[in-house]
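Protein sequence lines correspond, in order, to chains R and B.
Just so we're aligned, residue 100 is where the first sequence starts under our numbering, counting upward by one.
Just so we're aligned, residue 379 is where the second sequence starts under our numbering, counting upward by one.
The set of hints was computed from the structure by calculation and includes no laboratory data.
Heads up, the beta-carbon is just placed ideally off N, CA and C, and yes, glycines get one too.
Incorrect hints may appear among the rest.
Said to hold, decoys possible - Have a look at the derived ranges for each label pair, beta carbon to beta carbon:
id, chain 1, residue 1, chain 2, residue 2, range
1, R, F265, B, R432, 50 to 56 Å
2, B, E573, R, R179, 44 to 50 Å
3, B, G562, R, Y343, 55 to 61 Å
4, R, I233, B, D448, 37 to 43 Å
5, B, K486, R, H335, 33 to 39 Å
As the list claims (entries may be wrong) - With a straight-line cut-off of 20 Å between C-alpha atoms, the simulated EDC-like cross-links for lysine to aspartate or glutamate are:
id, chain 1, residue 1, chain 2, residue 2
6, R, K101, B, E473
7, R, K178, B, E468
8, B, K530, B, E576
9, B, K556, B, E573
10, R, K178, B, E576
11, B, K592, B, D614
12, B, K450, R, E281
13, R, K101, B, D448
14, R, K115, B, E467
15, B, K634, B, E647
16, R, K102, B, D503
17, R, K120, B, E490
18, R, K101, B, E490
19, B, K451, R, D222
20, R, K339, R, D147
21, B, K511, R, E258
22, R, K101, B, E487
23, R, K177, B, D461
24, R, K177, B, E647
25, R, K178, B, D461
26, R, K115, B, E576
As the list claims (entries may be wrong) - So, partial list: chain B residues that the calculated Cβ filter (under 7 Å) puts toward chain R:
id, residue
27, F402
28, T428
29, D448
30, G542
31, K592
32, S594
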Amino acid sequence: MKKRLAFWSILLKDMKTYYIKPPNISWGIVFPISWTLMFFIRSAGEVDVRGILPGVMALSILFGTTSMLAVTITFERKKRSFERLLLAPISLNLLMLAKTTGAIVFGIINAFVPVLFASFMIDLSGINWVSTFISVVLIAVTSTFLGLFIAVSVSEVFEAQTFSNFFRFPMIFLCGLFIPIEKLPVMVRPLSYVLPLTYGADMLKFSVNNNGFIPLWASLLALVGYSIGLFLISTHNIQKRWIY
Amino acid sequence: MKIINVKNLSKSFGDFPAVKEINFSVEKGEVFGFLGPNGAGKTTTINMLTGLARPTSGKITISGQDGVKDIKKVQQIIGIVPDESNLYEEMSGFENLVFCASLYGMKKEHREKRARELLAQFALDDTGNRPFKAYSKGMKRKLTIAAGIIHKPEILFLDEPTTGIDVKSARQIRELIKVLNDKGTTIFLTTHYIEEAERLCRRIGFIVNGKVIKVSNVNDLMREAQQENVVEFTIDQTSAALKNSLLDNFPEITIKKVSDHNVRIGSAEKIELMPFMNFFDANGVKISEAKIIRPSLEEVFVQITGIEINKLQIEKEGKKK
Numbered sequence: 100m101k102k103r104l105a106f107w108s109i110l111l112k113d114m115k116t117y118y119i120k121p122p123n124i125s126w127g128i129v130f131p132i133s134w135t136l137m138f139f140i141r142s143a144g145e146v147d148v149r150g151i152l153p154g155v156m157a158l159s160i161l162f163g164t165t166s167m168l169a170v171t172i173t174f175e176r177k178k179r180s181f182e183r184l185l186l187a188p189i190s191l192n193l194l195m196l197a198k199t200t201g202a203i204v205f206g207i208i209n210a211f212v213p214v215l216f217a218s219f220m221i222d223l224s225g226i227n228w229v230s231t232f233i234s235v236v237l238i239a240v241t242s243t244f245l246g247l248f249i250a251v252s253v254s255e256v257f258e259a260q261t262f263s264n265f266f267r268f269p270m271i272f273l274c275g276l277f278i279p280i281e282k283l284p285v286m287v288r289p290l291s292y293v294l295p296l297t298y299g300a301d302m303l304k305f306s307v308n309n310n311g312f313i314p315l316w317a318s319l320l321a322l323v324g325y326s327i328g329l330f331l332i333s334t335h336n337i338q339k340r341w342i343y
Numbered sequence: 379m380k381i382i383n384v385k386n387l388s389k390s391f392g393d394f395p396a397v398k399e400i401n402f403s404v405e406k407g408e409v410f411g412f413l414g415p416n417g418a419g420k421t422t423t424i425n426m427l428t429g430l431a432r433p434t435s436g437k438i439t440i441s442g443q444d445g446v447k448d449i450k451k452v453q454q455i456i457g458i459v460p461d462e463s464n465l466y467e468e469m470s471g472f473e474n475l476v477f478c479a480s481l482y483g484m485k486k487e488h489r490e491k492r493a494r495e496l497l498a499q500f501a502l503d504d505t506g507n508r509p510f511k512a513y514s515k516g517m518k519r520k521l522t523i524a525a526g527i528i529h530k531p532e533i534l535f536l537d538e539p540t541t542g543i544d545v546k547s548a549r550q551i552r553e554l555i556k557v558l559n560d561k562g563t564t565i566f567l568t569t570h571y572i573e574e575a576e577r578l579c580r581r582i583g584f585i586v587n588g589k590v591i592k593v594s595n596v597n598d599l600m601r602e603a604q605q606e607n608v609v610e611f612t613i614d615q616t617s618a619a620l621k622n623s624l625l626d627n628f629p630e631i632t633i634k635k636v637s638d639h640n641v642r643i644g645s646a647e648k649i650e651l652m653p654f655m656n657f658f659d660a661n662g663v664k665i666s667e668a669k670i671i672r673p674s675l676e677e678v679f680v681q682i683t684g685i686e687i688n689k690l691q692i693e694k695e696g697k698k699k
């Protein structure tokens, strides 16, 4: 009971302090619009909205979650208010789950903003919504824990943003979001399979357009594995670096 | 009864030993002062006691529990006020207190009631709805202390509670520390204001270069530091002739002129006042005051650590800014 109370308090505090703020809300709307517009401009008005939807959804989650973690963790660490949480009588795992749940929820909401826009432009029938939601949740969890890994590896917010880009931008091009993996140079392809978003994007492609190429179970296992791995590495790093 | 017991506690950062096999204990219900210059190992020790750092070796027992293995249980009964006011800038004073209480599992009605009580106790009830970032330094410090005691801890760790704040707030905080201690809270205090430690602490531990070099009762420290008995007389005149005459009549004493009207008489033996009163009277010297001079804790600190107080304060104030 006490642990549950602490968990909810940290989550609600983060939601109120960081997530439900006009800049974040507008960012969640502007980001997917910008990506969609970019494809419109590139394709001179003829764009396969449904084709790019999984990619825009995945990127909205990726950028949303990793950016927020840089603030909610790195910024609090810098201000020393994070010490207050480390000194509270709650386990590190529970604390980090509370700190990351806000980003996961933010990522999930971000993912459905482009879906909402798309619903005004195209017919969304035929989408497997259950599978889509599961895919979105898994991508949000994995991206959040990637953001956590980045946030605990640096000490400044700007470092977190720079380090995030080191992962984010290669993912845009290597995860098959907009360029199919089979069209990438052979030398680069192994890299694609190392990046977690490859599996998330493929799950979304299956769910939205039924055109993924990695078996669903394999993607699901990969994302769960990445999530657990990144979370364990991050908490280990906190134990090592912050509880020195 | 020992509430904190530290045995052979060490902490190294790579090859650098920050804390070297220290031993000390804190009695239940006392105010224990932990003094030392910058870089002596005070903060590292507090971090180990509160769970922000893991000891390299040694043992910590807090309220009968292993302070390393069972640190989460220990954190339930301790309160920590760090040297910086580290509450959440965007949240109001009231929200900050309620949030801190929730980390200790306090129920909604209970934590809101306690937050209101503390805001009133710390004279912050009028500003409880203001965001923390709008508070003055003194108010921030008081709210940080209130957050540290929101769950009524048995032991309160206070790291430099009055550094960098105005005199009025500092006085209020010292009063609050006394009230808390009177109510039974054990206080572990680090401060560079020696007079604050002298006023508040029953016992003091001195740490220098990672080693606890002395732990003692404040009165015992003063007694040990008093190398001779000293009485200062305030008189209407001083002269070389008077000094010589004093030495002729009392050959066992030492004399030090402090000012044109103050003279200090020292002796290895206890000083009887009457012979001196009679002497001054016989020589037509009027006495307006006679007082026993005891060494201050500041002098004891300098004697034990070899650190000049001014240097210590300048370092600390500079760090705060």
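So, going through the hints one by one against the coordinates:
no.: 1; hint: R:F265 - B:R432: 50 to 56 Å; result: violated, 30 Å
no.: 2; hint: B:E573 - R:R179: 44 to 50 Å; result: violated, 28 Å
no.: 3; hint: B:G562 - R:Y343: 55 to 61 Å; result: violated, 33 Å
no.: 4; hint: R:I233 - B:D448: 37 to 43 Å; result: holds, 40 Å
no.: 5; hint: B:K486 - R:H335: 33 to 39 Å; result: holds, 35 Å
no.: 6; hint: R:K101 - B:E473; result: holds, 18 Å
no.: 7; hint: R:K178 - B:E468; result: holds, 12 Å
no.: 8; hint: B:K530 - B:E576; result: violated, 25 Å
no.: 9; hint: B:K556 - B:E573; result: holds, 15 Å
no.: 10; hint: R:K178 - B:E576; result: violated, 32 Å
no.: 11; hint: B:K592 - B:D614; result: violated, 42 Å
no.: 12; hint: B:K450 - R:E281; result: violated, 51 Å
no.: 13; hint: R:K101 - B:D448; result: holds, 17 Å
no.: 14; hint: R:K115 - B:E467; result: holds, 13 Å
no.: 15; hint: B:K634 - B:E647; result: holds, 17 Å
no.: 16; hint: R:K102 - B:D503; result: violated, 29 Å
no.: 17; hint: R:K120 - B:E490; result: violated, 25 Å
no.: 18; hint: R:K101 - B:E490; result: holds, 16 Å
no.: 19; hint: B:K451 - R:D222; result: violated, 56 Å
no.: 20; hint: R:K339 - R:D147; result: violated, 48 Å
no.: 21; hint: B:K511 - R:E258; result: violated, 25 Å
no.: 22; hint: R:K101 - B:E487; result: holds, 14 Å
no.: 23; hint: R:K177 - B:D461; result: holds, 15 Å
no.: 24; hint: R:K177 - B:E647; result: violated, 58 Å
no.: 25; hint: R:K178 - B:D461; result: holds, 13 Å
no.: 26; hint: R:K115 - B:E576; result: violated, 44 Å
no.: 27; hint: F402; result: violated, 21 Å
no.: 28; hint: T428; result: holds, 6 Å
no.: 29; hint: D448; result: violated, 10 Å
no.: 30; hint: G542; result: violated, 15 Å
no.: 31; hint: K592; result: violated, 28 Å
no.: 32; hint: S594; result: violated, 30 Å
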